[in-house]
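2 protein chains.
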Amino acid sequence: MTPEEFRTAGHRIVDWIADYRARVATLPVMAQVEPGGVRRQLPVDPPIDPESFDAILNDLDRIVMPGLSHWQHPRFFGYFPSNGLLSSVLGDYVSTGLGVLGLAWQSSPALTEVEEVVTDWLRRMVGLSDTWSGVIQDTASTSALIALICARERSTDYSLARGGLQSLPQRLVVYVSAHSHSSIDKAALLAGFGRDHVRHVPHDAEYALRPEALQEMIERDRRDGLLPCAIVATTGTTTSTAFDPIEKIAAVAGREKLWLHVDAAMAGSAMILPECRPLWQGVERADSLVVNVHKWLGVAFDCSIYLVRDPVHLVRVMSTNPSYLQTAADTQVKNYRDWGIPLGRRFRALKLWFLIREQGVAALQARLRRDLANAQWLAAAVAARQNWRVLAPVKLQTVCVRHDVAGLDGEALDRHTQDWAARLNRSGFTYVTPAVLDGRWMVRASIGAEHTERADVEALWNRMVSEAER
Amino acid sequence: MTPEEFRTAGHRIVDWIADYRARVATLPVMAQVEPGGVRRQLPVDPPIDPESFDAILNDLDRIVMPGLSHWQHPRFFGYFPSNGLLSSVLGDYVSTGLGVLGLAWQSSPALTEVEEVVTDWLRRMVGLSDTWSGVIQDTASTSALIALICARERSTDYSLARGGLQSLPQRLVVYVSAHSHSSIDKAALLAGFGRDHVRHVPHDAEYALRPEALQEMIERDRRDGLLPCAIVATTGTTTSTAFDPIEKIAAVAGREKLWLHVDAAMAGSAMILPECRPLWQGVERADSLVVNVHKWLGVAFDCSIYLVRDPVHLVRVMSTNPSYLQTAADTQVKNYRDWGIPLGRRFRALKLWFLIREQGVAALQARLRRDLANAQWLAAAVAARQNWRVLAPVKLQTVCVRHDVAGLDGEALDRHTQDWAARLNRSGFTYVTPAVLDGRWMVRASIGAEHTERADVEALWNRMVSEAER
Numbered sequence: 001m002t003p004e005e006f007r008t009a010g011h012r013i014v015d016w017i018a019d020y021r022a023r024v025a026t027l028p029v030m031a032q033v034e035p036g037g038v039r040r041q042l043p044v045d046p047p048i049d050p051e052s053f054d055a056i057l058n059d060l061d062r063i064v065m066p067g068l069s070h071w072q073h074p075r076f077f078g079y080f081p082s083n084g085l086l087s088s089v090l091g092d093y094v095s096t097g098l099g100v101l102g103l104a105w106q107s108s109p110a111l112t113e114v115e116e117v118v119t120d121w122l123r124r125m126v127g128l129s130d131t132w133s134g135v136i137q138d139t140a141s142t143s144a145l146i147a148l149i150c151a152r153e154r155s156t157d158y159s160l161a162r163g164g165l166q167s168l169p170q171r172l173v174v175y176v177s178a179h180s181h182s183s184i185d186k187a188a189l190l191a192g193f194g195r196d197h198v199r200h201v202p203h204d205a206e207y208a209l210r211p212e213a214l215q216e217m218i219e220r221d222r223r224d225g226l227l228p229c230a231i232v233a234t235t236g237t238t239t240s241t242a243f244d245p246i247e248k249i250a251a252v253a254g255r256e257k258l259w260l261h262v263d264a265a266m267a268g269s270a271m272i273l274p275e276c277r278p279l280w281q282g283v284e285r286a287d288s289l290v291v292n293v294h295k296w297l298g299v300a301f302d303c304s305i306y307l308v309r310d311p312v313h314l315v316r317v318m319s320t321n322p323s324y325l326q327t328a329a330d331t332q333v334k335n336y337r338d339w340g341i342p343l344g345r346r347f348r349a350l351k352l353w354f355l356i357r358e359q360g361v362a363a364l365q366a367r368l369r370r371d372l373a374n375a376q377w378l379a380a381a382v383a384a385r386q387n388w389r390v391l392a393p394v395k396l397q398t399v400c401v402r403h404d405v406a407g408l409d410g411e412a413l414d415r416h417t418q419d420w421a422a423r424l425n426r427s428g429f430t431y432v433t434p435a436v437l438d439g440r441w442m443v444r445a446s447i448g449a450e451h452t453e454r455a456d457v458e459a460l461w462n463r464m465v466s467e468a469e470r
Numbered sequence: 001m002t003p004e005e006f007r008t009a010g011h012r013i014v015d016w017i018a019d020y021r022a023r024v025a026t027l028p029v030m031a032q033v034e035p036g037g038v039r040r041q042l043p044v045d046p047p048i049d050p051e052s053f054d055a056i057l058n059d060l061d062r063i064v065m066p067g068l069s070h071w072q073h074p075r076f077f078g079y080f081p082s083n084g085l086l087s088s089v090l091g092d093y094v095s096t097g098l099g100v101l102g103l104a105w106q107s108s109p110a111l112t113e114v115e116e117v118v119t120d121w122l123r124r125m126v127g128l129s130d131t132w133s134g135v136i137q138d139t140a141s142t143s144a145l146i147a148l149i150c151a152r153e154r155s156t157d158y159s160l161a162r163g164g165l166q167s168l169p170q171r172l173v174v175y176v177s178a179h180s181h182s183s184i185d186k187a188a189l190l191a192g193f194g195r196d197h198v199r200h201v202p203h204d205a206e207y208a209l210r211p212e213a214l215q216e217m218i219e220r221d222r223r224d225g226l227l228p229c230a231i232v233a234t235t236g237t238t239t240s241t242a243f244d245p246i247e248k249i250a251a252v253a254g255r256e257k258l259w260l261h262v263d264a265a266m267a268g269s270a271m272i273l274p275e276c277r278p279l280w281q282g283v284e285r286a287d288s289l290v291v292n293v294h295k296w297l298g299v300a301f302d303c304s305i306y307l308v309r310d311p312v313h314l315v316r317v318m319s320t321n322p323s324y325l326q327t328a329a330d331t332q333v334k335n336y337r338d339w340g341i342p343l344g345r346r347f348r349a350l351k352l353w354f355l356i357r358e359q360g361v362a363a364l365q366a367r368l369r370r371d372l373a374n375a376q377w378l379a380a381a382v383a384a385r386q387n388w389r390v391l392a393p394v395k396l397q398t399v400c401v402r403h404d405v406a407g408l409d410g411e412a413l414d415r416h417t418q419d420w421a422a423r424l425n426r427s428g429f430t431y432v433t434p435a436v437l438d439g440r441w442m443v444r445a446s447i448g449a450e451h452t453e454r455a456d457v458e459a460l461w462n463r464m465v466s467e468a469e470r
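Listed in order, the protein sequences are those of chains A and B.
Quick note on numbering: the first sequence equals residues 1 to 470 in the numbering used here.
Quick note on numbering: the second sequence equals residues 1 to 470 in the numbering used here.
Worth flagging that the hints you see were computed from the coordinates, not collected in a lab.
Honestly, I wouldn't trust all of these hints.
[What the hints assert, rightly or not] Beta-carbon label-pair distances, calculated as ranges:
1. B:R222 with A:S129: 21 to 31 Å
2. B:E284 with A:R440: 48 to 58 Å
3. A:E216 with B:R162: 49 to 59 Å
4. A:R285 with B:R162: 30 to 40 Å
[Stated by the list, open to error] Among the chain A residues that face chain B by a calculated CB cut under 7 Å, a handful are:
5. I48
6. I56
7. N58
8. L90
9. I149
10. F301
11. G360
12. A373
13. A435
14. G439
As the structure is a prediction and not an experimental result, all values here were calculated from the model.
We put the beta carbon where it would ideally sit given N, CA and C, even for glycine.
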């Protein structure tokens, strides 16, 4: 494809995306296909000869589109908001079109330096001090793995340079909450700690980690000859957007000399609102922190901001320095390859840069405040209706609800919940995520898609009522 | 930004990229900026109010562009070809514009199923049997980490479900070559093995791992009470594109029951040429394999194809199954979140799908054959000129050269080599990567950018001669 052919085809793609975004509200939110329904329409063998761009676009419309669930739909209330605002999309278009790679600063200096600047913008936007340094990772799962590996290496004085986890005098232990994201347990297992050395600290009635229980567990493990290593606290849990008490947890971590990683993947975006910052009071005392700006804030996926207090430690754990990556500038610059797992690096900073500049901080704040108000409205509507309950405090934009039916409890109630949620999702009208809270299924409505207005939340609520009460 | 504003701005971005690609050959290949030169032109604080799209584009031209090294330049001979062919760029534009996420099959079924199909196309294209299953990872660094974690878990019967690496009766050992990529050592250290348990197997005169030395090392470790766990062999090393003898290494791995990971990040693309496949003879006996189609093949970064023989094992190591990710379809579909580290997933399959369809396999093959011939031409030119040497066999598209000067050896020769390479790169005319081979600096020319023709290689050679011999 020549640049001129790209110009023509690219305009068609831009129009196609513009049309898609303009009409996305008219599409069924959840894909209406059966397993295998897309795959069986595609040929088993790759084409030997070129196909026309028309043929590709035609298959995109005919085969791919019916197989999509639409995350940018204004009635998408599933999982979490994964907004890709259109200015951010254009920043990513520039990155992909340039096709430059950041292996070392020298291999494309602007790629590194714009990332330094925009991760620092984000730090300022969420009100963190200048003792933090940021880098873009792909996801919070990866950030958690990096954090726990860094914790492991700090506790063992860089055992990776010697016998690794295989030759330690004491076994390391990681403390998480039962409401931590699944990726936290996964990170601990991948980092080699082993499930026997991952403690699930009990939570309180609001699903927040109990610092006293944490303290007791640490003491018990020390008595048993183990070496407490790291705590992962969550600012906005996945199931109910609960907030672990960071200040008290940080006090334990400081006293006991444990690494504290704060998972603010979802709720970190809310910290651009000064009125939300009490929710992560104490965060300045953490060692590492992750904010997924590809969620609620609106950066096209993937863009997970990983912030650390001690970048020298991070680089010491992650660095490699083969001759073919050395350059004369190395002593004066950041080489982000030593801040994470992959060597290759996209120019992801552009999509954050475009978003913040095109929106401005004030508009981002206004959108998030709209969503907070919509969540409060929904919670009030649910609480006001007979047989409906809000199951967890609505501190942000997620509302956990259940519809009770006289005479139904236990598994029968679970079946009722799952049935009405499945009908809701299958209808294509809206999309929610069922999840388990306190051992029973409930339905989460995660509010915050870019174009979700009050009317959409009202429509969700009306439909929930009609599906559950029918 | 509304869809209509996006339409207008998007057309401008497409034109901007089309113009960039059309004129990239006229730009200096290596950025001509000093450290900090980009950063200090950007404001320290994010904007509170929106800025115009003109202002953003203006800064892109004025601040970012001079700070780029141009990987799509026809005289880019650095590191490795990182081609982003324009049809692949458009596939990525669709992905970013759609803004859909693959957390589970249900969260966007086509995202999963197109990935199943195109990773299988790639498997067929490189001539692998249907016993392999593929998934897209970001980079070969991540793929290596996943491979070594899977090896660790197979050797220990899933120690992650118990005490991890911290409670094993025997210490695990990983075998790599001194010419393995730096990311392999890094992966072993991140996975917790420890540097004391990473063996660098000696190589032969052509920089290929010696299977007999491997066998001896394994036997010695067993005598010492250690547990040999994994071998990483490389198909096309970074420094000299050497090929470890996979068949013999696989025989050792099979006999000794070690995991065999084959790093074909760079050279895997060459296996779309049947005449190159003898170079990885025996690969069918490996356990895992990585081919970075974002390198020479031409998919916009990032798109690293990780292929495994036992996907059930991979899923058992990587899986998480919290309630909020469970769906009714789970027993009938692939959930790629359990095939790697991140939970979130872009629709990266589209950029591979677009590329293969727009190009067709035959055109991809023709381009790679052009590059192989150009490398042979350069090697012959170097060998024919007095005082110039080709330092390693040219089996693919990388040529390692040194210019000798009468009376210069040791560090003085190193200084000469680094000086002329630095002059070459600073000139902006072309870009090469100096590296160390057998303890001495030399210059690598990695041929294979999409628009590199014979004339560009001739121009490179003429400029090398004039800079080194001046």
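Exercise for review: Could you check the structure against the hints above and give me the numbers of any it violates, in ascending order?
Suggested key: Violated hints (numbers, rising): 1, 3, 7, 12 and 14; every other hint is consistent with the structure.
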